[in-house]
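> Please arrange chains X and U on chain V, whose structure you already have, making use of the hints.
Now for the letters of each chain:
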Amino acid sequence: MTAALTVTGLSVRHRRGWALRDCSLSVPAGRVAALVGPNGAGKTTLLHTVTGLLTPHGGTVTVAGDVAFMAQDKPLYDTFTIAETLTFGRRLNPRWDGAYAAGRLAELGIEPERKIKELSGGQQAQVALTLALARRPGLLVLDEPLANLDPLARHDVMRALMGEVAERGTTVLISSHVVADLHDTCDWLVVLNGGRVQVSGDIDDLLAGHLMLSGPDELRPPAGAQVIEESRTGRQVRLLVRGAQVLDPRWNVRQADLDELVLAYLRSPEASALPRLSEVGA
Amino acid sequence: MIWLTWRQHRAQILVTGGLLAALGLLLLGSAVEARLYVAGHAPPGCPGRAAACWDLALALSERYDAVYTLFGWMPLMAPALVGVFWGAPLLGREYERGTQKLAWTQAVSVRRWMLVKLGVLGGLVSAGGLLLSAMVALWRPVLQREDWFGNIGVFNMVGVAPAAWWLYAFAMGVAGGALFRRTLPAMALVVAGIALTMPGLFRLSEHYAEPVRTVQSGSTVLNADDARVVGWAWIAPSGTELPSPPTGVCAHRPDTGRSGRNQEAYERCLFGKGYRYAIYHHPATRFWRFQWTEAAILAVGSVAFAGTAVRRTLRRRV
Amino acid sequence: MIEFHLDRRSGVATYLQLVHQVKQALRLGTLRPGDRLPTAREVVEALAINPNTVLKAYRELEREGLVEGRPGLGTFVQRSLGGVRLADQAALRRELDEWVRRARRAGLDRDDMETLFSLAMTDAYRGGAAGEETA
Chain V
1 MTAALTVTGL SVRHRRGWAL RDCSLSVPAG RVAALVGPNG AGKTTLLHTV TGLLTPHGGT
61 VTVAGDVAFM AQDKPLYDTF TIAETLTFGR RLNPRWDGAY AAGRLAELGI EPERKIKELS
121 GGQQAQVALT LALARRPGLL VLDEPLANLD PLARHDVMRA LMGEVAERGT TVLISSHVVA
181 DLHDTCDWLV VLNGGRVQVS GDIDDLLAGH LMLSGPDELR PPAGAQVIEE SRTGRQVRLL
241 VRGAQVLDPR WNVRQADLDE LVLAYLRSPE ASALPRLSEV GA
Chain X
1 MIWLTWRQHR AQILVTGGLL AALGLLLLGS AVEARLYVAG HAPPGCPGRA AACWDLALAL
61 SERYDAVYTL FGWMPLMAPA LVGVFWGAPL LGREYERGTQ KLAWTQAVSV RRWMLVKLGV
121 LGGLVSAGGL LLSAMVALWR PVLQREDWFG NIGVFNMVGV APAAWWLYAF AMGVAGGALF
181 RRTLPAMALV VAGIALTMPG LFRLSEHYAE PVRTVQSGST VLNADDARVV GWAWIAPSGT
241 ELPSPPTGVC AHRPDTGRSG RNQEAYERCL FGKGYRYAIY HHPATRFWRF QWTEAAILAV
301 GSVAFAGTAV RRTLRRRV
Chain U
1 MIEFHLDRRS GVATYLQLVH QVKQALRLGT LRPGDRLPTA REVVEALAIN PNTVLKAYRE
61 LEREGLVEGR PGLGTFVQRS LGGVRLADQA ALRRELDEWV RRARRAGLDR DDMETLFSLA
121 MTDAYRGGAA GEETA
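Protein chains in written order, with the UniProt record's numbering: chain V, 1 to 282; chain X, 1 to 318; chain U, 1 to 135.
Calculated directly from the structure, the hints in this document are not laboratory data. The model shown is predicted, which means the values in this text are computed figures rather than measured ones. Some hints here could point you the wrong way.
[Claimed, not checked] Each computed SDA-like pair below joins lysine to any residue, with the alpha-carbon atoms no more than 25 angstroms apart:
#, chain 1, residue 1, chain 2, residue 2
1, V, Lys115, V, Asn93
2, V, Lys115, X, His9
3, U, Lys56, V, Thr2
This is chain V alone, in the form it adopts within the complex:
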């Protein structure tokens, strides 16, 4: 497993304090990684550092191949036509698949002579995505790609993206503050909270490694379990635990789902699920 993106010890300081503090994570090649966290967790800062828009105060970012970036508001030059926007892509990128870009926009029914500002939000998102994809990047970074899009446009953008991953094995890093958006599309999870990486790993492994337990409140947590979150109502206790074998039959055991897992970590900022240091960059 080679890493498409490796970040080690990344720190970025704001005027009011740390935006990112000692962040380390890696995303293996060919994965679709979700970067989730509450607003203000530092997601955009992390993405801007990965794409070179920000210079970090410390730490390193290593990317295998080119990085293409679609920023949150999907900026394009308003006064450019579609054709000029594609010329922009061709002139600024030595590796540029013009036939693909033109073909994809023709398929979507976006005429080359129209101006960017005449397009709908969904169409602009498609043009911005095409601009990023036609570069044939090794790593595609998307900041809240679904924000401000209607459900149809969201589905279209995700379909295009997943098709690209299936076709070319592009590694993708998507940020979102809505976990549900990324449910079916991502297979790698990075949880960022208060400028620190709290969780980083394969989603299936994470889900398999965490259990949701409920039972009478006199029960002790299973031996060796890391309790991520604990909540008590009446005589019942509910635990989200990591890395435990549950032998006591009084526990009602089920697998946690992705939303529960993310929420539990976000509510317990001191907990973390990170690969051992030796695995970072593996």
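Below, chains X and U alone, put in the same frame as chain V:
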């Protein structure tokens, strides 16, 4: 990158080119007309120091009052406009629209993006300034004026000065965009900056060289064409320079109205008593020395502004 | 050809939904041996899901011997489901009917029974992959 620079800034390039062309036509038209007028009215030996020549030049300047007014504002307005419309939006507009996140994440490096934009646009701006300078240099003699050096307004529109001023204003606008990340404050910075730099440099220009000291005994008017006078003083018969005109030696009655009779009488009296008059000035032969000195100062300013803009752009912090 | 759909609220893992849909099509005969399953790209562009999910579902089907991946050509159906299995189902159904009757006699209501049933299912399928422990 050059395509992108043209595509993003073609409006400024075309408008500036159009304005220069219009100005060229205006100057050409007035020059042709003035030549005809001069052919009909000029006494022989003009331009020269004869009073008739002076009258002719005066008549011409009245005739071309509108052109002169435009001309008077140009040294200040032209660089300000260049800084406002070429410099300020270069980064300000990208930051405002968030398009720097698009432009600076392409395969072309930010350094190259900056250098091409600054290079191409800075080159065009300088070329525009030189074109203006050439047009003014061709036009001015037709109006029987040879005031390249003494008239600071003209001085700033001939030689290399316009190119230097335009480039300076452009670089200041770019730096403003990098600092404020908005176009309007960057534009305001340019206007304020030019309005401060121009009188500042005018004052400083007295010190570009040691002034020549000419001592006259008979007239307080300097007998040199197109010189820049920077100071004067009376010299007592003993040879010491006086900080202020001597009092108690000759009667000095104030003049009324526009007449200078009393002043002239006072001066004649002083010269008669052995007083002499020292005039500190820069002769017109220093034209190029002053042009290059001013251009060098502005070039240093331009480099400082451009360097600030590049540094702010390459090392981006939150 | 089979067209997949997703029930995002079911709580069933996406790859399992795909597996179930292929099996159902095999039982109903809408997929037959020799038929090609849609490529990962086709599924992904229809459903907007991660390609690895499709590949995981196909691997699962392959492991059960239902389909076979031929490099460069696609994934093809190997054998159908049904026949004998349908008879099994009838027998199982009779046993379940009998269980429901006994439960009612014991005083359990509908919700009690559903809770018991889903607990049993959860226990049986704990750990992900279906079929292993019950086969």
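> Compare the structure with each hint and give your call.
Hint by hint, here is what the structure shows:
Only pairs whose Cα atoms come within 25 angstroms are accepted, and Lys115 of chain V paired with Asn93 of chain V is accepted, the gap being roughly 22 angstroms. This hinted pair checks out: Lys115 of chain V and His9 of chain X have alpha carbons roughly 17 angstroms apart, not beyond 25 angstroms. With a C-alpha separation of about 20 angstroms, the suggested pair Lys56 of chain U and Thr2 of chain V falls inside the 25 angstroms cut-off, and the hint holds.
The structure fails none of the hints (numbered hints given earlier).
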